[in-house]
Amino acid sequence: MASAQNHVQYSSKIGIIGAGISGIATAKQLRHYDPLVFEATNSIGGVWKHCSFNSTKLQTPRCDFQFSDYPWPERDDASFPSHVELLDYLHGYAVHFDVLKYIKFNSKVVEIRHLGDRDTARVSDTAGEYGSLLKGHPVWEVAVETNQAIQWYGFELLVMCIGKFGDIPRMPTFPANKGEEIFGGKVLHSMDYSKLDKEAATELLQGKKVAIIGYRKSAIDLAVECAEANQGPNGQPCTMVIRTLHWTLPSYRIWGLPFFLFYSTRSSQFLHPRPNLGFLRTSLCSILSPMRKAISKFIESYLVWKLPLVKFGLKPDHPFEEDYASCQMAILPENFFSEAEKGNILFKRAPKWWFWSGGIEFEDKSKLEADVVLLATGYDGKKKLQSILPKPFSSLLADSSGIMPLYRGTIHPLIPNMAFVGYIETVSNLQTAEIRCKWLARLADQKFKLPAVEKMLEQTTKEVEIMKQTTRFFKRHCISTFSINHSDEICEEMGWKSWRKNNWISEAFRPYSSQDYQEAKY
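So the sequence shown is numbered by numbering that gives the first Met the number 0: it starts at 0 and just counts up by one.
If you are wondering where the hints come from, they were derived from the structure by calculation, not from laboratory data.
It is possible that some hints are incorrect.
Claimed, not checked - Here are the in silico distance ranges between beta carbons for each label pair:
id: 1; residue 1: 33; residue 2: 282; range: 28 to 36 Å
id: 2; residue 1: 250; residue 2: 73; range: 55 to 63 Å
id: 3; residue 1: 362; residue 2: 9; range: 53 to 61 Å
id: 4; residue 1: 198; residue 2: 256; range: 36 to 44 Å
id: 5; residue 1: 305; residue 2: 131; range: 50 to 58 Å
id: 6; residue 1: 100; residue 2: 10; range: 13 to 21 Å
id: 7; residue 1: 33; residue 2: 81; range: 30 to 38 Å
id: 8; residue 1: 296; residue 2: 81; range: 29 to 37 Å
id: 9; residue 1: 171; residue 2: 451; range: 36 to 44 Å
id: 10; residue 1: 99; residue 2: 444; range: 18 to 26 Å
id: 11; residue 1: 474; residue 2: 33; range: 31 to 39 Å
id: 12; residue 1: 136; residue 2: 185; range: 50 to 58 Å
What you are looking at is a predicted structure, and each value in this text was computed from that prediction instead of being measured.
Even glycine gets a Cβ: it sits at the ideal position worked out from N, Cα and C.
Whole structure, please, built from the sequences with the hints as guidance.
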């Protein structure tokens, strides 16, 4: 690596790392600063480009997954777009707003350095002010590898948009002599599987005994692809090995009612706890808790009636609300249970497992023969960030609960002149990212000031406590049960008003839209 004395070759006000959804949205909102966007691959799209399967589809209707100023061409199409359609949409957005000119493709960030001691006192001084995002001089140095050459850049503000998914797979650990080294077949993480074209994927699965580890969206999609590759007399069933069950939805209708009525309106979210409530509202939330439980039971009753969850032993023990509150519910492919009914998809509940030469062994000493084991075990987004952030900042990424303490889901109070976009979740991560990009742009423009560091940490702590109260899966940093209030507070801080909020009675049962705020700017 180049020496610290002479490595900076280019300087700019703002650098953005990553050109997925969050990266291009950030570049669009900050384009008046001519930002530099570093993308390690040759295209935009992030995980939608590099971690999608042939069958991957959006989990949200397109009308609920669009930028406020760039609607889908087929906005009223009720189907879920494929990952290819979504990539076309994102490319259209980037072209329409001339974002591509800011992106340096095939440019991988390999090191980040903080300049001087001007701001490191903030690590221990939580009572101080955060200060301006743009200092008038570089605060961060970034080493970028392009065509095997390293170049250094200096930035006043660095925005991290590399996301929580992709790049670094979360791999299971095993006792000695029980890992994949003793297994005679193939082991692939879903990330590696996603790099296969359709022909190679079919060749991997066809006629093979396949074990799929996991039961979230990627695992479910893999099971369907495996079942489709094994049609006919020579086909083999695949087995899903499940540690934790989660609720799944066949569609966004419950007993004939649109799903948004239950969790995505002001009236429905009024029932749920959220930060900064006074004593009376907190008491009211407690009083209304039976209604929240009844709504969850109402949804569960439909899912148990509609899907063969009991038959296949797939009915979770926890309430549906906990999966919604942790952004873990999945929309099922249409043919998932039909393939299970035909015996092409099998299920095995097992909290612990390990390899043997012929497949997988479980705690009860039973064994599952397998030729291929696919690990749909997720990604380690925290490790991805820690691998490029310098100390002491890399050690501050997560608090004692394992969650990144991001004020407004964007600013880490203890890391100076750095923003994070795409690290909190809702049912529509695109809208969540876009409104925080707008907030970040106005913060950079000094249209408002951040609270003291201590106040920001208090706010993030309150949000974590709400998530802990709502779901045992709180570490995903999902704010879906109080997302509208979160957006209200962000917009009020920017000096915007929500006309939906001010017309609460007439708008109480309307689904949330990011345009609620754009139309109300003053």
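(request) Against the earlier hints, flag every one the structure doesn't satisfy and list their numbers going up. (result) The structure breaks hints 1 and 2; every other hint is satisfied.
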